Amino acid sequence: MAEAAVKGTPAPAPSGAKSLVRVENVVKHFPAGLGTHVHAVDGVSFDIREGETLGLVGESGCGKSTLARLVTQLIPVTSGKVFFGDVELTKLRGEKLRQYRRQLQMIFQDPFASLDPRMTVGDIIAEPLDNFRIVRGRKRNQRVQELLKIVGLNPNFNNRYPHEFSGGQRQRIGIARALALNPKLVVCDEAISALDVSIQAQIVNLLEDLQREFRLTYLFIAHDLSVVRHISDRVMVMYLGKIVEIADSVETYSSPKHPYTKALLSAIPVPDPKVQRGRRLVELTGEIPSPINPPSGCRFHTRCPIARLPTPCAETEPPLEEKRRDHLAACHFSSDV
Amino acid sequence: MANPILQVRDLRTQFATEGGIVKAVDGVSFELYPGESLGIVGESGSGKSMTALSLLRLVPEPGRVVGGQVLFRDQDLLQLTSEEIREIRGRDIAMIFQDPQSSLNPVLRTGFQVDEAMLAHGKPKNQARARTLELLKKVRIPAAESRYKDFPHQLSGGMRQRAMIAMGLANAPAILIADEPTTALDVTVQAQILELLADLNRELGTAIIMITHNMGVVAGLCTRVLVMYAGEIVEQGPVEQIFANPQHPYTWSLLKSMPRVDALRHERLRSIEGMAPDLLRPPSGCRFHPRCPFRIDKCFTNEPQLEEVGPGQRAACWVTMDRARKEMGADELKDIRPGAGSNVHPGEDR
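Taken in sequence, the protein lines are chains B and P. Residue 204 in our numbering sits at position 204 of the first sequence, and the numbers go up by one each step. Residue 1075 in our numbering sits at position 75 of the second sequence, and the numbers go up by one each step.
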């Protein structure tokens, strides 16, 4: 609660808060040849509440980027439903879907690859405006300059090219482009992972300011749990295509209810030698199993330090259920974590 | 303390580019003591990797080490012939890199590549193979015998980095230089690799130079640290001290700008405004002055040298954080804007 007060956004009431996006039992399988499939996202349900920042963490290959693309409907679901407000996006096709996408924007990881090197910054930022024929001529230019100012760049830079900018500045350009259509939801897919520490802080602060100013809702994806925890109201942890825990970001750290979350937290080095040397690493044995043939029962059982084998962990899949108020976890033994 | 095993004096590495000379490493001096673990931290372009590559004369074209000394066992590595330095590389001083994928040859079996590190220094084949198996076990690769025959693509990222470490340790070097060895890995794997390096450092007494941008990695593994900015060391000293009481505004800002996973409250991050300087035209005076909240007039014109600021701790700053705290309200600053604490702005106060 103290956290929300500092950020200036009201803490969403646990169940009463309006959800902006609702994901219901979404599955995404990619064909992997010989009739096999990569189970990238395997039956996940959650909601993103209006005005909040929902953090999404997990290691490479856990399905977090695929999930981002499903939420924005850049790729179709194999099964399941994605709602935006009351509208079921997964039912829409073509022009209708395109119109809704205006409200769902993305910021990408690589500020070098995500901007066309042969377009001016002005044209890059205005491309969404052109696509939807929002404004033209002098007004278009005004809007571009306004957007540049919003993200902290010189408004007269609109005729420059991406190569003239540093990584942090390019990420600001990407943010300006994402804001051009006044979206409701912005999905930040590893948006700060490629930046230097001192620049990361600038962009994190900018995202927080913009959220307050434009009442944005964020789905913030990163593998760096310390940044995710910092920026998010709630944190969602994924493992091998499944959500294993969703909780308030302070509670995630103080009392995780899933052993994977605990291991992930213990692995992040704290920049303080006194603290860091006293911390105990929850060592995970083995490697992340293949998402083509995920383990039976709880997918984490092959690496779990508290699994009881074979019953129930290797046999029964634990449901994602409320362990405390507004704190969900998928573990048979969450009280032992 | 024992005598240093490696002494670097006034190291200078430059790149001749179309735009002019880039001074990537500009007068870096430090010592490495036997068995210690020294961190070199800095952001991209600070010269930390170039410093490491310069020690073994591995700087890529068009870069060149143009000055200084690297003293190892009474010889200057910069003066050796290319045959002589090749003898040192991998035998006395080994290096591991960020991306184990591109450091391993994809068409050779992993085990053989570890063998090669020893064959290159004259170890007989059968002995090399036995030692490789021992090393693969030492770096905790399960089923070492079968992994020996695997090609790199059959191993996970963490396993490949373990194989690289095995290769680095093959000839029991006195020094292991690790250049961002965990940056490409997931955090749980990173934690395992760091623990492995710490154990090897303790058990084998191999001195480690850890190049990283991650202050958390330094906090966990290193005993001393050098902080680099724009090709120079701006602060150095024992890790506990540097973290508890940094004296250079850059070190201080860096620590303030990182979110901590153990933080219990959400506080706005104090970001460092501006960006890293262009090394073609580095700023006059102190190179950090364009971004420094505590700059004074002198910082614009005179370059500070590293000076003792505490036991074993040295910083290159005209102001230092002790004074910035006392006189400029450093602890209350909300934003780390240039001149925020000292109110010195070019064109206004000057």
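Keep in mind the hints are simulated off the structure, nothing from the lab. Source: prediction; values computed, not measured. In this text, a Cβ means the ideal position worked out from N, Cα and C, and glycines have one as well. Keep in mind that the hints are not guaranteed to be accurate.
[Said to hold, decoys possible] Some chain B residues close to chain P (C-beta under 8 Å, calculated; not the full set):
1. Pro162
2. Glu164
3. Gly168
4. Gln202
5. Tyr253
6. Asp272
[Stated by the list, open to error] Some residues of chain P that are not near chain B, with every Cβ distance over 10 Å (derived):
7. Gly1020
8. Glu1043
9. Ser1044
10. Val1065
11. Gln1098
12. Gly1158
13. Gly1205
14. Arg1260
15. Arg1270
16. Ser1271
17. Glu1273
18. Pro1283
19. Asp1331
20. His1345
[Claimed, not checked] If you anchor each label on the Cβ, the simulated ranges turn out as follows:
21. B/Asn131 <-> P/Pro1283: 56 to 64 Å
22. P/Glu1134 <-> B/Ser335: 37 to 45 Å
23. B/Arg93 <-> P/Val1107: 41 to 49 Å
Evaluation of the provided hints:
Given the 8 Å rule on beta carbons, the hint for B/Pro162 is violated: about 15 Å separates it from the nearest Cβ of chain P. Interface restraint check: B/Glu164 against chain P, minimum CB-CB distance 12 Å, threshold 8 Å, status violated. Because the beta carbon of B/Gly168 sits about 6 Å from the nearest beta carbon in chain P, less than 8 Å, this interface hint is met. With 8 Å as the threshold, the beta carbon of B/Gln202 comes within range of chain P, its nearest partner Cβ sitting at about 4 Å, so the hint holds.
The criterion of a C-beta within 8 Å of any C-beta in chain P is met by B/Tyr253, whose closest approach is roughly 7 Å, and the hint holds. Hint status for B/Asp272: holds, given a least beta-carbon distance of 6 Å to chain P, under 8 Å. No Cβ of chain B approaches the Cβ of P/Gly1020 within 10 Å, the least distance being about 18 Å, so the stated non-interface status holds. Listed as outside the interface, P/Glu1043 is inconsistent with that label: its C-beta sits roughly 4 Å from the nearest C-beta of chain B, within the 10 Å cut-off.
The claim that P/Ser1044 is not at the interface with chain B is violated, since a C-beta of that chain comes within 10 Å of its own (minimum 6 Å). The beta carbon of P/Val1065 is kept farther than 10 Å from every beta carbon of chain B, the shortest such distance being approximately 25 Å. Every CB of chain B is more than 10 Å from the CB of P/Gln1098 (nearest about 14 Å), matching its label as outside the interface. Remark: the non-interface label on P/Gly1158 conflicts with the geometry, its nearest Cβ contact in chain B lying 7 Å away (cut-off 10 Å).
Annotated as non-interface, P/Gly1205 keeps its C-beta farther than 10 Å from every C-beta of chain B; the closest such distance is 20 Å. Residue placement check: P/Arg1260 does not keep its beta carbon more than 10 Å from all beta carbons of chain B (closest about 6 Å). Distance check for P/Arg1270 against chain B: the nearest CB is about 7 Å away, which does not clear 10 Å, and the non-interface claim fails. Listed as a non-interface residue, P/Ser1271 fails to keep its Cβ farther than 10 Å from every Cβ of chain B; the least gap is roughly 4 Å.
For P/Glu1273, the condition that its CB be more than 10 Å from all CB atoms of chain B is violated, with the nearest at approximately 7 Å. Listed as outside the interface, P/Pro1283 is consistent with that label: its C-beta sits roughly 16 Å from the nearest C-beta of chain B, beyond the 10 Å cut-off. Listed as a non-interface residue, P/Asp1331 keeps its Cβ farther than 10 Å from every Cβ of chain B; the least gap is roughly 17 Å. The Cβ of P/His1345 sits about 18 Å from the closest Cβ of chain B, beyond the 10 Å cut-off, so the non-interface label holds.
The hinted range of 56 to 64 Å is not satisfied by B/Asn131 and P/Pro1283, whose Cβ atoms lie roughly 42 Å apart. For the hinted restraint 37 to 45 Å between P/Glu1134 and B/Ser335, the CB-CB distance of approximately 43 Å keeps it satisfied. Between B/Arg93 and P/Val1107 the beta carbons are some 47 Å apart, a value that agrees with the proposed interval 41 to 49 Å.
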